Every structure is written in C-alpha cells, then in structure tokens.
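Chemist: Residue numbers (the numbering used here), protein chains in the order written: chain A, 1 to 386; chain B, 387 to 737.
Don't read these hints as lab results, they were simulated from the structure.
Note that the coordinates shown come from a computational prediction; the quantities given were computed from them, not determined experimentally.
Incorrect hints may appear among the rest.
As the list claims (entries may be wrong) - Restraint ranges, calculated between C-beta atoms of paired labels, are given here:
{"#": "1", "chain 1": "B", "residue 1": "VAL507", "chain 2": "A", "residue 2": "ALA301", "range": "24 to 32 Å"}
{"#": "2", "chain 1": "B", "residue 1": "VAL507", "chain 2": "A", "residue 2": "ALA111", "range": "53 to 61 Å"}
{"#": "3", "chain 1": "B", "residue 1": "TRP389", "chain 2": "A", "residue 2": "ALA289", "range": "35 to 43 Å"}
{"#": "4", "chain 1": "A", "residue 1": "GLN297", "chain 2": "B", "residue 2": "ALA608", "range": "53 to 61 Å"}
{"#": "5", "chain 1": "A", "residue 1": "GLN277", "chain 2": "B", "residue 2": "GLN566", "range": "52 to 60 Å"}
{"#": "6", "chain 1": "A", "residue 1": "LYS328", "chain 2": "B", "residue 2": "LYS445", "range": "23 to 31 Å"}
{"#": "7", "chain 1": "A", "residue 1": "ALA301", "chain 2": "B", "residue 2": "TRP389", "range": "51 to 59 Å"}
{"#": "8", "chain 1": "A", "residue 1": "PRO386", "chain 2": "B", "residue 2": "GLN566", "range": "31 to 39 Å"}
{"#": "9", "chain 1": "B", "residue 1": "VAL507", "chain 2": "A", "residue 2": "ILE70", "range": "58 to 66 Å"}
{"#": "10", "chain 1": "B", "residue 1": "VAL498", "chain 2": "A", "residue 2": "GLY158", "range": "50 to 58 Å"}
For every residue, glycine included, the Cβ atom is placed at its ideal position computed from N, Cα and C.
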Amino acid sequence: MKSSTMNTAAISFALAVGFMANSAGAADLKVGFIAPLSGPISSQGIPNAKGIQAGLKYKAEVGGRKIVLIQLDDASDPSTSARNARKLIEDEKVDVIVGTGGVPGSMAIAAVARETKTPLVSFTPLTLAGDESAWAVTTAQPASLMISAVVEHMKRAGVKSVGYIGFSDSWGDLAYASLKKSAESAGIKVVADERYARSDNSVAGQVLKILAAKPDAVLGGTAGTPGALPYLALAERGYKGMIYGTHGLINPDFVRVAGASAQGLLAPTGPVMVADQLPANHPSKKIAAEFRAAYQQTHNAVPTDAFSAYAFDAWLVIANAAARVAPKLEPGTAEYRAALRDAIFATKELAVTHGVLNFSPGSPNGADSRSVVIVKLDKGQWVLQP
Amino acid sequence: MTWDVALILSIDGLASGAIYLLAGLGLVLVFSVTRVIFVPFGDIAAFTALSLAAFEAQKVPPTVGLVGTLAVLAAVAEVISLVRKRDFSRIPAAVAWWGLLPGAICLLAWLVAARDLPVGVAICVSVMLAVPIAPLIARVALQPIADASALVLLIASLVLHFLLSGLGLVFFGPEGARTQPLLAGGISIANGFSISAQVILMMGSAAVLCVLFFLAFERTVAGKALRATAVNRVGARLVGIRPTRTALLAYGCASLLAGLIGILISPVTTMYYDSGLIIGLKAFVAAIIGGLSSYPLTAVGALAVGLLESFASFWSGALKDVIVFSLLIPVLMLRSHWATHSEEETEEIDQ
Numbered sequence: 001m002k003s004s005t006m007n008t009a010a011i012s013f014a015l016a017v018g019f020m021a022n023s024a025g026a027a028d029l030k031v032g033f034i035a036p037l038s039g040p041i042s043s044q045g046i047p048n049a050k051g052i053q054a055g056l057k058y059k060a061e062v063g064g065r066k067i068v069l070i071q072l073d074d075a076s077d078p079s080t081s082a083r084n085a086r087k088l089i090e091d092e093k094v095d096v097i098v099g100t101g102g103v104p105g106s107m108a109i110a111a112v113a114r115e116t117k118t119p120l121v122s123f124t125p126l127t128l129a130g131d132e133s134a135w136a137v138t139t140a141q142p143a144s145l146m147i148s149a150v151v152e153h154m155k156r157a158g159v160k161s162v163g164y165i166g167f168s169d170s171w172g173d174l175a176y177a178s179l180k181k182s183a184e185s186a187g188i189k190v191v192a193d194e195r196y197a198r199s200d201n202s203v204a205g206q207v208l209k210i211l212a213a214k215p216d217a218v219l220g221g222t223a224g225t226p227g228a229l230p231y232l233a234l235a236e237r238g239y240k241g242m243i244y245g246t247h248g249l250i251n252p253d254f255v256r257v258a259g260a261s262a263q264g265l266l267a268p269t270g271p272v273m274v275a276d277q278l279p280a281n282h283p284s285k286k287i288a289a290e291f292r293a294a295y296q297q298t299h300n301a302v303p304t305d306a307f308s309a310y311a312f313d314a315w316l317v318i319a320n321a322a323a324r325v326a327p328k329l330e331p332g333t334a335e336y337r338a339a340l341r342d343a344i345f346a347t348k349e350l351a352v353t354h355g356v357l358n359f360s361p362g363s364p365n366g367a368d369s370r371s372v373v374i375v376k377l378d379k380g381q382w383v384l385q386p
Numbered sequence: 387m388t389w390d391v392a393l394i395l396s397i398d399g400l401a402s403g404a405i406y407l408l409a410g411l412g413l414v415l416v417f418s419v420t421r422v423i424f425v426p427f428g429d430i431a432a433f434t435a436l437s438l439a440a441f442e443a444q445k446v447p448p449t450v451g452l453v454g455t456l457a458v459l460a461a462v463a464e465v466i467s468l469v470r471k472r473d474f475s476r477i478p479a480a481v482a483w484w485g486l487l488p489g490a491i492c493l494l495a496w497l498v499a500a501r502d503l504p505v506g507v508a509i510c511v512s513v514m515l516a517v518p519i520a521p522l523i524a525r526v527a528l529q530p531i532a533d534a535s536a537l538v539l540l541i542a543s544l545v546l547h548f549l550l551s552g553l554g555l556v557f558f559g560p561e562g563a564r565t566q567p568l569l570a571g572g573i574s575i576a577n578g579f580s581i582s583a584q585v586i587l588m589m590g591s592a593a594v595l596c597v598l599f600f601l602a603f604e605r606t607v608a609g610k611a612l613r614a615t616a617v618n619r620v621g622a623r624l625v626g627i628r629p630t631r632t633a634l635l636a637y638g639c640a641s642l643l644a645g646l647i648g649i650l651i652s653p654v655t656t657m658y659y660d661s662g663l664i665i666g667l668k669a670f671v672a673a674i675i676g677g678l679s680s681y682p683l684t685a686v687g688a689l690a691v692g693l694l695e696s697f698a699s700f701w702s703g704a705l706k707d708v709i710v711f712s713l714l715i716p717v718l719m720l721r722s723h724w725a726t727h728s729e730e731e732t733e734e735i736d737q
C-alpha cells in the first residue's frame, strides 16, 4: 500500500519533470503570415489566408513542436507588407515569414527577410537571383514557366502572332517579359503590348489598338476579376482569335464576371485546380485530395481557387523543412532560422498541391514542368488539356 | 489612328462622360448647398450596383443591413437632439421619418429578395435602398458638424468614404460583379461599327436627368430653395429656408443620382466594393472644371474628362489616369487666375 503511494508520487514527479523539460525544450515554431486581406488584391489574399489556415489544420505540429500562426493584413500595400514583416520579425520573433499576395509586396518582404536573416516562403512569383534569393523561396510557379507552357500551346495550335494586354504593374511587366522571351524562341511575333490599371472600368482603347494589329491570339497578363475586362471588350468587338490568360485568372469569380466572353479561354495553372481530372499517377493527386479535405474541415466549403493551394503549399514546405532541423536548436534564435533556411533550400521532391518542389540555393523557384497544366474554360468549367 | 477608331473611342468616352456628368452634378449639388465634398458618393453608386447584382443572384443584398443600421443610428441621433431641446411632441414624427421610413424600404427589399424578380422591380428596389444612404449618413455624421470649416467637412467625408468602402469589402467581398444589360442589341452605323443599346441608354438617361434637374431647379419651390441656399446660406435662412431641410434634400438627390449611376454603369463595367472612389474622383475633376458651382460647366467638364480618358487609354493605357488627373493642374491655374476671391472665410465663422 505504502509502496504504491510512493510509486504514484514518483511517477507523478517524473511526469512533472518530464512535462517541464518538454515545455522548456519544445518552444513553438512561430510562422508570421502576411496577406492582403483588404484592398484591391484582397481577392488573392483572402483565399491565401484560408489556405494557410487549412495548412494549420492539416499539420499543426512538427517534431513535437507546436506551430503558431500569426496573421497580419497588409491592405494590398507593399510598404505595409514590409512594415508588417519587420513587426513580425522584431516584435513577435517569428522563425519564418509567409506572404504575401501580389508580387510587389512579396518583393518588399523578401528584402526585409534578407536583411533580418529570416527565411521567407512566398506564394507569388519572385524575380530574385543569386545572393538576393538567399533567404526567400516561393511555392508559385515562376511566370516564365507558366508563360512558356502557354507559348508552347500556342505553337502547337499554329499561332503566328500574339497581342498582349496586361496590368500596368509589376505582374503585367513580368508576364510580358516572359512572353517576349518564350515567344521569340518559338518564332511567334508579339505584335501589341497594352496595359491597364486593375481599377479601370474600360479597356476599349487598348483593345482597339490590339485589334488593329490583327493578332492570331491575345494573351492577358492579368489576375482575378479585373482580368475579365479585356476578354469582355474583345468579345464585344467581335474578336475571333484564340484567347489565353495567365494562372492569375483561375478563380470562380473571374468565370462569373467574364461569363460567355471567356468561353474557350486557355490558361496555365497548377494541377490542384483540376485534381479530379488528373491521372492517378500524378504526384499532386494525393496531396491535393488531402488539401481539399483539410480545407473542407476548416472552412466548411470546397476550395475553388488556386491561391489557397499556394499558401497551403507554403505551409507544407515549412512543415517539411522544420522536421529536418536539428531538434536541439531552439525556435526564436538566429541559429534556428539559419538552419530552417538551409532545410528549406534542401527540399527535395516534395509533392505539393501545385506539382513537385525542389529548392536549391541561388534560386527562389522550386517548381518544374510537373507543376503546370493547361486548362480550357468550357461552359464555366476548367477542363484539363492534354 | 483611323476615323472608325476615333469614333469608337469617342462613343466610349461620351458613355463614361455621361456617368461622370451625373456624378459631377451630385457633387456640385451637395457642395453648393452644404460645403461638403461628398466623397462617399461613388461608394453609394457601387453599393447600388452590387445590391442589384445580389438581387439578380437571388440573395438578400447586405445593403439592407447597412440602411437598417444607419436608420436606427439616425433615429436615435434625432430623438436625442429633440430630447435635449425638450421638444417631445416632434419625437414620433422624427422616429417615423428617420427610422420607420428607411426601415420600411429595408423590409420591402428583404421581402422581395431571394426570388426571381423582374428586372424592373430589382432596379427600383436597389435604387430605393440607395436613396436613404446619403441622407442617413449625413444626419449621423455630417449634420452635427454642419457649421465647421470646409476642410473639417472634407476630412469627415473622406473618413465616411473609408468607412463605407471598408464595410463594402465586408458586405460584398473582394470580387466584382456585373449585372445583366438593361437593353440588349445595338444600332449599327457604317460597316462593322455599332453602338450598344446600353451605351445609348446611359447617354440618354444622363440627358433626361439633366433636363429634369434643370426643370426642378427652375420651376419648383424646393429647387429654388436649393439654389437660394447655394447662392447665399445666410440670406436663404433669413427668408425662411431651413438649411437642414435643404441639406437633406441635396443629400437625397445626390443619393438618387448615385443609385442611378450604379444601375447604369454595372452592366458595362465590373463593379467592385471600391470602384466608387475612382468614379467620384473623375467626377470631381469635372466638378472642379465647373468650379464646384456651375452645372453647365460641370457637364462640359465631365464629357471632356470622359473623352480624354478614352483617347488617353488608346495612346497610353498605363498613363491614362495620370493624363486625366493632370487636367486638374491647368484647370486650377486658370480658375485661380480668373477667380474673384470671395469672403469665404467670414462665411465659415459665423453660423
């Protein structure tokens, strides 16, 4: 009797010590998340945030450490993105930054990440090279990869000349530069370069100029519902050629706004958007289904956009890399951040919802051609193109 | 540029000019009567468009909740001010006007929503929902500071814009909406060139509304009271025109105009929760051309802004807005050169 009491006491003491050791040893891994939850690109930021929350639901612990998510809104303003990144790094001592919707904001955060030596996992294309990208990776396919898939499709379809209309911002510039590069090597002539602002209410002038150049196909370097404008204007003016878009367009609201004018629109996207149409041996098939399930559990709705999946992929990259960080390192320290960065850049063949990621130092991009599929909008549904 | 391109651009420019014209009229009307540059004007237009889209999607537009909340706030504000004045006999009337009337519109909207409505009914209800917004927010936020300086009023109105556009994001979400065209088809002129019926409707409505405004100002007592207040607030008060009443009327008219803009524009452009600001700003350029007082000059300015915008988008899409807003600089220089500086300062102090 006595011994059993002593045993209980010993066990509880051991447990208590064990707990203390555990709670002292396993500090939480802090993830700072920045997204445009308001402002003109909130149509990307809101799904981004939903995707990251689904990620938290999917994997909230790695190597015995809890992952803590701290979320801030940058109101679609790059200077706020940078300020928030500093706030997260200096005040909250986050170990890794995730963000943000919109290329300019992500580039601003990448500069802060490099300066403060904090890893950044972004989900928009980053145009960084060499030393600049020492602390930043992205789960998004680089624009050049997406656009070259589009140009390849154009070449197969016999397109000889293409007109371009895009946003008058860095996304529009990036898409145009990629088109120019791929088209040149494919022998396709770029005959027009027109721009408009996301908030514009008419592109009649720009579309007229494109029509005057009589291109076989038109590519829109746009994103979200504001991207519907050129297709509506082209349809109104009776344009009969092929229409292409970028992966920024793939969301249900775009389909709703563009309506019949975007019938036959061809766009590149990640495999997750057509997960149920993928062949069974596609690397993204399984994880995409798991993402859908996690999203369904968190938000009680089916994911219908590509942005939530990019953010979910960022979460997978972090969870995968954190599992490979030496357990003796403590989150919240410079050593941990450096080790996490090294682990992220050592990511090999990680199957994510948008294909497969392989990171290596010197480039922020991890996606390859397995991350791109071409889809066609047919009666409001995206159909996988062979 | 060929002639047919110029023609298409002109038509496009005149169509957006018609919208800026209506918005410019609303801005000038509110400014001349109340000295408020009514920045939330565009937001009301966007809300109307998005309400109509919600009706079309057979949903209850969130505007119902906005108007309902504003009505409660306005009724409470009115009752408190009456209690302070110990004027208890007017409380029932105030509650009826400020609370129950907008409430009735909300109830109507709520009852007809979520079913397959004829387009006409959906449009009427959307506009009816829009009309109380400006008077109600003015009652809650602007009337208590009606005698402050024009700068304070401008800042208050800017704050209202940010408040409304923030609420718009919560209500309608970040994505835009488009409504069904009111008129299909078009008129075909020359080879391969046609004007869509919707554009003709926009221009026609703007013209008809201008004539109606002119008649109302020239022929009705209420219109004359508005003009009198605009010309001289103190003088208007001396002859028995109540500034609060005329301000309310001006806000009501502006809200109605904003509602009509929302209905006219939403079939041709995608409307977002924050699309209103840019329409308001371009109309503001037009209103500045009109010196924030002259209706005919504002109309000319609005059409000029529309045309300039359309041609600028052809020359350089990226610099379109820069070109349009740069128009302000020469206009302001010319106006300040010719303006006779009035005794504006003294007018602001005593009232």
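Chemist: For each hint, tell me whether it holds in the structure or not.
Modeler: Now the hints, each set against the structure:
Against the hinted window of 24 to 32 Å, the Cβ-Cβ separation of B/VAL507 and A/ALA301 comes to about 31 Å, which satisfies the hint. For B/VAL507 and A/ALA111, the Cβ-Cβ distance of about 54 Å falls inside the hinted range of 53 to 61 Å, so the restraint holds. Judged by the Cβ atoms, the range 35 to 43 Å given for B/TRP389 and A/ALA289 is violated: they are separated by roughly 58 Å. As the Cβ distance of A/GLN297 to B/ALA608 is approximately 59 Å, the hint placing it in 53 to 61 Å holds.
In this structure the hint that A/GLN277 and B/GLN566 lie 52 to 60 Å apart at CB is violated, the actual value being about 31 Å. With their beta carbons about 55 Å apart, A/LYS328 and B/LYS445 fall outside the hinted range of 23 to 31 Å. Between A/ALA301 and B/TRP389 the C-beta distance comes to about 52 Å, which sits within the given range of 51 to 59 Å. Distance hint check for A/PRO386 and B/GLN566: the Cβ-Cβ separation is about 36 Å, which falls inside the suggested range of 31 to 39 Å.
At roughly 48 Å, the beta carbons of B/VAL507 and A/ILE70 sit outside the given window of 58 to 66 Å. Distance hint check for B/VAL498 and A/GLY158: the Cβ-Cβ separation is about 52 Å, which falls inside the suggested range of 50 to 58 Å.
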